[in-house]
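Visitor: Chain F is already provided as a structure; the job is to place chain R on it using the hints.
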Amino acid sequence: MPYEYLENEATADLAIRAIGMDLREAFENTALALINAMFDTDKVEEQEIKLVTREAKDLKSLLYDFLEDVLYFHDAEGLVFKTVSVESLNEEEPGIKAVFKGEVFNPEKHEVKNSVKAITYFGMKIKNTNKGVEIELTVDL
Amino acid sequence: MMNLKKVSDFEWKMPKTGSMRVDGIVYASEELLNVIRNDRTLEQLQNMASLPGIQKHAIALPDAHQGYGFCIGGVAALSTKEGGISPGGVGFDINCGVRVLKTNLTLKEVSPKIKDLLDSLFKKIPSGVGSEGALKLSIDELKDLLEKGVNYLKQKGLAVENDIINCENNGCMKEANAEKVSERALNRGKGQVGTLGSGNHFLDIHVVDEIIDEKLCKKFGIFKNQVNAMIHCGSRGLGHQVASDYVRKIENTFPNIVNSLPDRELAYAPSNSQVAIDYFSAMSASANYAWANRQLIMNNARDCFMKVFDGSIESLGLELFYDVCHNIAKIETHEGVECFVHRKGATKSFPGDKVIIPGSMGTNSYLLVGGDNSMSKTFGSTAHGAGRVMSRTKAKKEMTPESVMKEMSSKGILLKSSTRMGAAEESEHAYKDIEEVIRVSKSLGIAKPIAKLRPVAVING
Chain F
1 MPYEYLENEA TADLAIRAIG MDLREAFENT ALALINAMFD TDKVEEQEIK
51 LVTREAKDLK SLLYDFLEDV LYFHDAEGLV FKTVSVESLN EEEPGIKAVF
101 KGEVFNPEKH EVKNSVKAIT YFGMKIKNTN KGVEIELTVD L
Chain R
142 MMNLKKVSDF EWKMPKTGSM RVDGIVYASE ELLNVIRNDR TLEQLQNMAS
192 LPGIQKHAIA LPDAHQGYGF CIGGVAALST KEGGISPGGV GFDINCGVRV
242 LKTNLTLKEV SPKIKDLLDS LFKKIPSGVG SEGALKLSID ELKDLLEKGV
292 NYLKQKGLAV ENDIINCENN GCMKEANAEK VSERALNRGK GQVGTLGSGN
342 HFLDIHVVDE IIDEKLCKKF GIFKNQVNAM IHCGSRGLGH QVASDYVRKI
392 ENTFPNIVNS LPDRELAYAP SNSQVAIDYF SAMSASANYA WANRQLIMNN
442 ARDCFMKVFD GSIESLGLEL FYDVCHNIAK IETHEGVECF VHRKGATKSF
492 PGDKVIIPGS MGTNSYLLVG GDNSMSKTFG STAHGAGRVM SRTKAKKEMT
542 PESVMKEMSS KGILLKSSTR MGAAEESEHA YKDIEEVIRV SKSLGIAKPI
592 AKLRPVAVIN G
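Residue numbers (our numbering), protein chains in the order written: chain F, 1 to 141; chain R, 142 to 602.
Hints listed in this document are in silico derivations from the structure and should not be mistaken for laboratory results.
For every residue, glycine included, the Cβ atom is placed at its ideal position computed from N, Cα and C.
Keep in mind that a hint or two might mislead.
[Said to hold, decoys possible] The list that follows gives simulated cross-link-like pairs (lysine-lysine, BS3-like), each with its CA atoms no further than 27 Å apart:
1) R/Lys-264 / F/Lys-43
2) R/Lys-547 / R/Lys-535
3) R/Lys-222 / R/Lys-157
4) R/Lys-557 / F/Lys-113
5) R/Lys-538 / F/Lys-125
6) R/Lys-277 / F/Lys-50
7) R/Lys-390 / F/Lys-60
8) R/Lys-448 / R/Lys-249
9) R/Lys-535 / F/Lys-82
10) F/Lys-113 / R/Lys-256
11) R/Lys-147 / F/Lys-101
12) R/Lys-583 / R/Lys-146
13) R/Lys-583 / R/Lys-365
14) F/Lys-82 / F/Lys-131
15) R/Lys-249 / R/Lys-222
16) F/Lys-109 / R/Lys-264
17) R/Lys-390 / F/Lys-127
18) F/Lys-97 / R/Lys-390
19) F/Lys-57 / R/Lys-390
20) R/Lys-583 / R/Lys-147
21) R/Lys-249 / R/Lys-535
22) F/Lys-131 / F/Lys-50
23) F/Lys-125 / R/Lys-535
24) R/Lys-157 / R/Lys-249
25) F/Lys-57 / F/Lys-125
[As the list claims (entries may be wrong)] Simulated DEER-style distance windows between Cβ atoms:
26) R/Gly-586 / F/Asn-128: 51 to 57 Å
27) F/Thr-53 / R/Lys-538: 34 to 40 Å
28) R/Ile-418 / F/Asp-58: 22 to 28 Å
29) F/Asn-106 / R/Lys-146: 55 to 61 Å
30) F/Glu-77 / R/Thr-247: 41 to 47 Å
31) F/Asn-128 / R/Thr-158: 32 to 38 Å
One chain only, chain F, in its complex shape (with noise of 0.2 Å):
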């Protein structure tokens, strides 16, 4: 897995540690990790595309909006992702584009696993290691 949830960590939060062979998939893998902690998404088809353009004035606040844009989608138009691509990302001026592809939330057909309330700063950490780049940060449920 390119992702886990980490234990102990947090005690009413979720702990995820993603990893990528670059930053652009590491990114990726820590939305993955996000969409997967939120819903089962076995069930979910991708019949909406949203484009997500994000900048911010740091690395770890482009991570923050990027991955918040999972939660404003679902809570804004009910929307509920299964794959997620980022397109671009710019570590100089840090920016972002990314596509998510899913559908509008259906109680009947998709499992809800956790309502994640925000993304956090606490324990973020992007960091080069000797497998590629390692994210990890706390969410709050």
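Guide: Chain R only, in chain F's frame:
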């Protein structure tokens, strides 16, 4: 290990060192303290104690556990002159809180129909988006609700006068300004008024198991074997977005402050800055949203009771006991100093105030009143619940939904959960002992239990 000095059986002092401006105080029994030591609560308490303008001491209550920035079960009063206000000191779920709806029905009367009641409630009270019981609001209507709170619902015939009288702050913080709430937050909130959310949010049916203070129970209309409903939820996506928005605004406006903090989530807006005023206005609007949310859920619950027991609000005694918020900052004057009192996972408990402390799933809950010592010890606050001890991830590994179901049913408690794993995550084994939390509150004189409630049916959001 963090150095704590025992002051009394229920009070432990973390002496001021390093960047701390005041001492930290943990109000807990030795048993609870040993649990509190297991995560980063004490480190977070130390960080709270380093904030500018902090008065007297930073506080961790008996149910304290690790949060982000401030610990949960934490209280910090920052001067409105030399201190500031911190979204991380309020929590992401602004005005997460609890209310209790009374009935005049006894368990004997309810038992034969308890399953119908639970099914009806489960159907009528949605956990999330796209559900029927939620109010559909335009952005303008939502803004009106944000500024009026429960009063907005009263105008729509969805609340009665007593619902306002029996709600903390009368269901409205007047400082609310909807213009300070972002479009993004408004969009997240417009379809969610009347939804429970999931995770630790719930709607329980309880029976009054023990009358502890006869006089006060009589005054408040609480009697032995009485059935009532308890609702626990908050400001949903709107409040979460407001919290995120303002952490970011503070970072952008005061980068030097944020960079000097040991944890980004401690970010605060200095008193009298425009950002502080804006956050307080937006937080107040979110608080109003949460009160309206719990009101609408209660109103839907009333409909269920009226349908299943064929009566009216009056004939079934469907009155609000009280509604408390446990994630909020308020402007209060303590010992002559006006402060932003941050209560994060903490309940206002001024002497005589009604207080509700819910237990974890399947355990007792308590109705209390604020104690005489709360003003001198805790800025008029007490605990907000049992407080977690086990991460959700770990709880799911150690308990299956089936084992939790079985345990609940062996106690005679009906359970419905909107998510399959939710029940396992919320198992009582993942929480501290509520009885111990109540015992500490009582012994310290910060809150006094008046009645014990035992759960009979649970809807886990």
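Visitor: Next, verify each hint and record whether it holds.
Guide: Hint check:
{"no.": "1", "hint": "R/Lys-264 / F/Lys-43", "verdict": "holds, 23 Å"}
{"no.": "2", "hint": "R/Lys-547 / R/Lys-535", "verdict": "holds, 19 Å"}
{"no.": "3", "hint": "R/Lys-222 / R/Lys-157", "verdict": "holds, 22 Å"}
{"no.": "4", "hint": "R/Lys-557 / F/Lys-113", "verdict": "holds, 15 Å"}
{"no.": "5", "hint": "R/Lys-538 / F/Lys-125", "verdict": "holds, 25 Å"}
{"no.": "6", "hint": "R/Lys-277 / F/Lys-50", "verdict": "holds, 23 Å"}
{"no.": "7", "hint": "R/Lys-390 / F/Lys-60", "verdict": "holds, 15 Å"}
{"no.": "8", "hint": "R/Lys-448 / R/Lys-249", "verdict": "holds, 18 Å"}
{"no.": "9", "hint": "R/Lys-535 / F/Lys-82", "verdict": "holds, 25 Å"}
{"no.": "10", "hint": "F/Lys-113 / R/Lys-256", "verdict": "holds, 25 Å"}
{"no.": "11", "hint": "R/Lys-147 / F/Lys-101", "verdict": "violated, 56 Å"}
{"no.": "12", "hint": "R/Lys-583 / R/Lys-146", "verdict": "holds, 21 Å"}
{"no.": "13", "hint": "R/Lys-583 / R/Lys-365", "verdict": "holds, 21 Å"}
{"no.": "14", "hint": "F/Lys-82 / F/Lys-131", "verdict": "holds, 26 Å"}
{"no.": "15", "hint": "R/Lys-249 / R/Lys-222", "verdict": "violated, 56 Å"}
{"no.": "16", "hint": "F/Lys-109 / R/Lys-264", "verdict": "holds, 16 Å"}
{"no.": "17", "hint": "R/Lys-390 / F/Lys-127", "verdict": "holds, 26 Å"}
{"no.": "18", "hint": "F/Lys-97 / R/Lys-390", "verdict": "holds, 23 Å"}
{"no.": "19", "hint": "F/Lys-57 / R/Lys-390", "verdict": "holds, 12 Å"}
{"no.": "20", "hint": "R/Lys-583 / R/Lys-147", "verdict": "holds, 19 Å"}
{"no.": "21", "hint": "R/Lys-249 / R/Lys-535", "verdict": "violated, 38 Å"}
{"no.": "22", "hint": "F/Lys-131 / F/Lys-50", "verdict": "violated, 30 Å"}
{"no.": "23", "hint": "F/Lys-125 / R/Lys-535", "verdict": "holds, 22 Å"}
{"no.": "24", "hint": "R/Lys-157 / R/Lys-249", "verdict": "violated, 55 Å"}
{"no.": "25", "hint": "F/Lys-57 / F/Lys-125", "verdict": "holds, 16 Å"}
{"no.": "26", "hint": "R/Gly-586 / F/Asn-128: 51 to 57 Å", "verdict": "holds, 54 Å"}
{"no.": "27", "hint": "F/Thr-53 / R/Lys-538: 34 to 40 Å", "verdict": "holds, 38 Å"}
{"no.": "28", "hint": "R/Ile-418 / F/Asp-58: 22 to 28 Å", "verdict": "holds, 26 Å"}
{"no.": "29", "hint": "F/Asn-106 / R/Lys-146: 55 to 61 Å", "verdict": "holds, 56 Å"}
{"no.": "30", "hint": "F/Glu-77 / R/Thr-247: 41 to 47 Å", "verdict": "holds, 45 Å"}
{"no.": "31", "hint": "F/Asn-128 / R/Thr-158: 32 to 38 Å", "verdict": "holds, 35 Å"}
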